[in-house]
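Q: Residue-level listing of the chains:
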Amino acid sequence: MPEKGRISLGQAAIIASSFALGTGIFVLPAFEINWAREDAWLIQVLVTFPSLILVFIVDKLGRKFPGQTIIQYSETILGKYLGKVFGFAVTLFFFWTGSVILYELAAFLVSAVIPETPMMVFLIVSGLLIAYTVYNGLETIGRLHVWFIPITVFSLIFIVLLACKEMNLNYFQPFLANGIAPVIRGARTSNSYHGCMILAMAMLTPYINKPGKIRKSYIYAVIVCSLVYGINTVGCLAVFGPFEGGRVSMPTIELVKMINIADIIQRIEVLLILNWVGAVFTMSTAWFYFSVLGTAQLFNLKKYQFLVFPMILGYIGVAALNYRSYPVFVDYIDRIWAPYAAVHEFLLPAFLLLVAIIRRRGIKTDTKSQGV
Amino acid sequence: MNKFFVRSSLLVLSLLLVVQLSGCWSRREINQLGFVGAIAIDAIEDSDLLEVTVQLIRPEALSSGAGGGSSDSGSKERIWLVSAKGATVSDAISELNTISGDFLFVGQLTSVIIGEEAAKRGVKKLLDVFDRLPQLRRTIWITVTKSKAKTILETTPSLAGVPSLTIEGLFRYRGENSLAYPSNLNNMLIALSSRSTSPVAARLTVVSSEAGEGENSQEIKLEGSGVFKGDQLVGWFDGSETRGLLWITGKAKHTTLTIAKLDELEEKQKYVSFYILTASKKIHTELKDQKLSIKIKITCQCTLIEQTGSRDMLTRELKLDRETIDAFESAIASQIKEETWAALLKARQYQTDVFGIGERFYIEHPQQFKEIQKDWPQLLADADFEISAAARIRRVGLINRSINAQIQEIPGL
Amino acid sequence: MIKIHKAVSRRKRQTPNRESRQGSDNIQGTENNLGTKDISARLSKDLEKNESVFQQALGNSPDVIFRYLSIGKQKVRAVLIFISGLADTASIAENILKSLTYEIRCEDLNGAEQLNLALIKENILSNAEIAEENSFEQLLKHILLGDTVLLIDSLEIAIVIFARSSQGFRAVGEPVSEALIRGPREGFIEKLQINRSMIRRKLRSPKLKFQELTIGEISQTQVCISYLDGIADKQLVSEVLERLSRIKIDGILESGYIEELIQDAPYSPFPTVRTTERPDTVAACLLEGKVAILVDGTPYVIVVPGTFIEFLQVNEDYYQSYIFVLGIRILRYLSFFITLFLPSMYVAILTFHQEMLPSTLALSLSATRQGIPFPAFVEALIMEVAFEILREAGLRLPRPVGQSVSIVGALVIGDAAVKAGLVSPAMVIIVATTAIASFTIPGFSLGLAIRLLRFPIMILSASLGLYGLIVAGFALFVHMSTLRSFGVPYLAPIAPANWPGQKDVFLRAPWWAMTTRPLDTGHQDFMREKTDLKPQKPKE
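In order, the protein sequences belong to chains A, B and C.
For the first sequence, numbering that gives the first Met the number 0 assigns the number 0 to the initial residue and increments by one for each residue that follows.
For the second sequence, numbering that gives the first Met the number 0 assigns the number 0 to the initial residue and increments by one for each residue that follows.
For the third sequence, numbering that gives the first Met the number 0 assigns the number 0 to the initial residue and increments by one for each residue that follows.
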């Protein structure tokens, strides 16, 4: 096993939810409101269900193959070659999406915080920081998440509460005026963001030190993630309405900028943005960690540490070269990445479980005795 | 081998970083910034170009401590006005950087003033830049003026001495009379991007007031609003019409209403003033046979703050005088109705929906709205309105009975 | 063939290693140290021979006293060896010389021809502590520690008499570096024995164990570890002993030597062992299952494992009302962040994020900076460095002079610099606030780390704005969460978070609720008190 560290159940749940939280706070409301308009709040309710079903599948797989990550048991299930292909696909997905997140982070800093500095600086500095964290192993990543993610979640809720003064509840009406189709179209990106959690869970389960009620805490992770995104979307929609909310690139930041409580709490956006930058850092450490760990497991390496710095170079390279500008990125996320991710997050684990059952691989588990 | 990997990639990264960092000192010292307080945008006749006037604040003029004795150096020097021409706002501002030694910093911008001519040509193209810049907030005030926008900035208001600070203050206490629309960038943009609503922008005018020794000083006045159709300015609301608009949009708050005539109750013209605590509205729309009927119901809670008539809410026997209360409340209601009607009629004249009634109609009848969206302004202009208003007096101040009311002995006691 | 060749080469490679190991043995070995070959030997029956060994070893040093005497009627020749100043001369005269030379004659030995060892030990010497020893090496050690050695002719065993001088040490006084309002006013002193007794006086339990080592080939410093048996983790104790016994060094002059030689993260600026001057702090730590290392010659006692949170806690926190402690602790954490980040934040906001400032503040800050020749970063750097110089000067100078230095530095230079327009008044406020905040951090070694770290953070935020600041903060957090001190995560119980530990982080639970020891060190005997101790109304 390349990773010797162990994390607690709570840490695993937080890492899983942070795998989807983070950048989504900034960009998702715009995607959602753009498509679903008044019904954008409905999206987070919808996307919870597929993720919840997937939690059951991943949990089942984790029990069938204890001590193995998805990359390892796909080999057990599908045989050496096909399994390797599968593992490679998952690792590539981690790598690719991780670089997307790194780009998001830098793009966001460049467009909202320090416009004059070249993006490459942010990519490198953030990349180095992420590499340093990953170099120190899973335990450090777990400790990081336990602090940064709750702070982010609470600050977000706090912001939405502060913005209550500017809200107009009429923006939620009418209900489903254009039918469910736009909502489902808008849910596509959100769904893929949510699904990321599933793969994180599939990677994390073997490293939990006291496997207890794993499924329960993963379900909590999914629900917390939906709640946070839901609150965020509702806040943005209520303040900016169905058109403005979908027009600006990062409605959450505009929301923060609107806040002025008695001239005391005002102009706080940079502080909050930086808090969220911390959250995105945290998120990217998890993504990068999984891609490094996945690579190590793919090639049956004993250590992964030496892969960290060469791979971060690749990360930075992909992030720097792949997206010419933010619009290119928006187009990519909404039209290409979302279906690409959905295949990995939803079809892959389901397929694995199906094959495992058909080929009778893994330990037989009795779900009832474990208790949810 | 492993160490080689790690070390070489670290080396590459740090080399890259050094190369990038050496060219990216994007910092700007705060004392090298010219703080743009307000921007005035005027159209130039017979040309597509814009004239952009920027009002900068001299920091040393405001602080009394550091400079020492600069307070009497005259208000003229507190600000610096510069104008430039350009095809777009940012074009003009970059033009201004050729004559300004300080970097023009818009992060502290509080208001944008648009001249009548520029507003008539459309504001969408003017507001785009304010929407994009990351340093700006959506809380900056967008105002229009009947004259050239530049004239507003050329005044030196007596109190603050700086037009941008004055405008900020005017908006901060705008609620005290509700005679101007709170047209910040966010409200403007939401209206501009909506299905049918047209934006409204607060109106600034220059008035002269008498200063100490017979001198006239120029002051900025915030009252009324410019009414748009689409993104083009089509007309003006005066103060009370604006308040009518605010009643319908539910944004009226903390305003003082003075009712002049209570003829049927009073022997002479007497005045009563009320302070509105909260106001809310309900709009109900219906479309039948291509005829729109709109019901607007406004309710408000208010305080009686001043009266000059002899009637009061309590009689000499400390008995509730229902008649008077009803008279007061219906007087407020009719005043509200009057103002609302004035705004509606003016808007009908301009064929514009500044009230958000279209959005309301969409909420109530989304399918119908899609069919009639094109004809909406016309439909609204021909609509039947039914306005009702109700007021409740909740507080009367610290007296039971007014000094104007009768206070003689009660006969027979 | 190849295999053999490999084996040969391996042996070749190993040879220098072995040699060097022998070399290091030599340093420890007695021969080099004492300069004679006989030293590893035992005593012989010949007094002269024995004495000459000591003469040779101690090199005719004037402070080494050889007092010749003859015992009893038989006039058995004997010699007392001790070092003047280390040994208690009065006690030697009273208890040894008098007994051996005078009283023994008065006593009727009844013709006991043989003056045997047991007689001397049991009947004649009136010292409280004596021991027998027959190796030169050990005897020399005793002499150097201040004990007195009695060599008697024709005996192969010498008597070690523990009569060390109690002179030359300062009295127990209030610790200078850890002042407090409420709490015991005693601090450790330079003498190990006294320090040990101070701890013993706090914890009078057979569970309190001391274990002594001698470290330092030349200094022969006594080092003593202390722990509570049954509470401290046995693994921790053996780990401490292991690390201490690994130390091969010429001399230990202060516990700082030990600290650097045993800490887990040698490259980290953060201290991973705690030092204190207060016996009550040590006692409290021992009760939490930690291990203390006492070093002779210094009042600073090392406590391991040391976690980050401890450096921000004062023992007074546990003596004052817990309600106020909550506020005080928050204040302390706040000033930790102020010290670390305030100058950087000021620089970052002033040069990158001017839109963050409210209009009037931005204008007045801009006004105060008009005509300042330096960029905000350079200004901050100059002021911070100047402040550090002032602090260092004030520390090193004698107290009366130190005060005048700080007055000249702070008032005269600061004021003049502002008046001359070299620095802005706002910057003076920032630097002063940072300085004052830095004084609230109780752990001096942590304070040093923060003072140092301020500068790289300032550079980062001057080049990347608040992003640089968050990068620095993040990196610090990651760095700190990877540290461990004797197996305990450095940021425990913050990261990894554990619930029982939260009782003593941001707030200090009242004593009736502080039912458990810290999880990481006290898990062997987790409960520290009964659970129903909350004061209640008297039953009627």
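Any given hint could be a false lead.
[As the list claims (entries may be wrong)] Not the full set, but computed from the structure, chain B residues with beta-carbon under 8 angstroms of chain A:
1) 4
2) 5
3) 128
4) 136
5) 154
6) 157
7) 158
8) 189
9) 361
10) 362
[Said to hold, decoys possible] In silico BS3-like cross-links for lysine-lysine, where the CA-CA straight-line distance does not exceed 30 angstroms:
11) A:302 - A:164
12) A:212 - B:281
13) A:164 - B:290
14) A:164 - B:296
15) A:164 - A:3
16) A:302 - B:252
17) C:233 - A:3
18) A:164 - B:294
19) A:164 - B:252
20) C:538 - C:418
21) B:345 - B:294
22) A:164 - B:220
23) B:318 - B:345
24) B:269 - B:228
By construction, these hints were calculated from the structure, which means they are not laboratory data.
C-beta: ideal position from N, C-alpha, C; glycine also.
Q: For every hint, state whether the structure bears it out.
A: Hint by hint, here is what the structure shows:
no.: 1; hint: 4; result: 5 angstroms, holds
no.: 2; hint: 5; result: 5 angstroms, holds
no.: 3; hint: 128; result: 14 angstroms, violated
no.: 4; hint: 136; result: 4 angstroms, holds
no.: 5; hint: 154; result: 25 angstroms, violated
no.: 6; hint: 157; result: 23 angstroms, violated
no.: 7; hint: 158; result: 18 angstroms, violated
no.: 8; hint: 189; result: 5 angstroms, holds
no.: 9; hint: 361; result: 7 angstroms, holds
no.: 10; hint: 362; result: 4 angstroms, holds
no.: 11; hint: A:302 - A:164; result: 53 angstroms, violated
no.: 12; hint: A:212 - B:281; result: 51 angstroms, violated
no.: 13; hint: A:164 - B:290; result: 36 angstroms, violated
no.: 14; hint: A:164 - B:296; result: 23 angstroms, holds
no.: 15; hint: A:164 - A:3; result: 50 angstroms, violated
no.: 16; hint: A:302 - B:252; result: 67 angstroms, violated
no.: 17; hint: C:233 - A:3; result: 24 angstroms, holds
no.: 18; hint: A:164 - B:294; result: 27 angstroms, holds
no.: 19; hint: A:164 - B:252; result: 14 angstroms, holds
no.: 20; hint: C:538 - C:418; result: 70 angstroms, violated
no.: 21; hint: B:345 - B:294; result: 18 angstroms, holds
no.: 22; hint: A:164 - B:220; result: 27 angstroms, holds
no.: 23; hint: B:318 - B:345; result: 44 angstroms, violated
no.: 24; hint: B:269 - B:228; result: 40 angstroms, violated
Comparing the model with each numbered hint stated earlier shows that hints 3, 5, 6, 7, 11, 12, 13, 15, 16, 20, 23, 24 do not hold.
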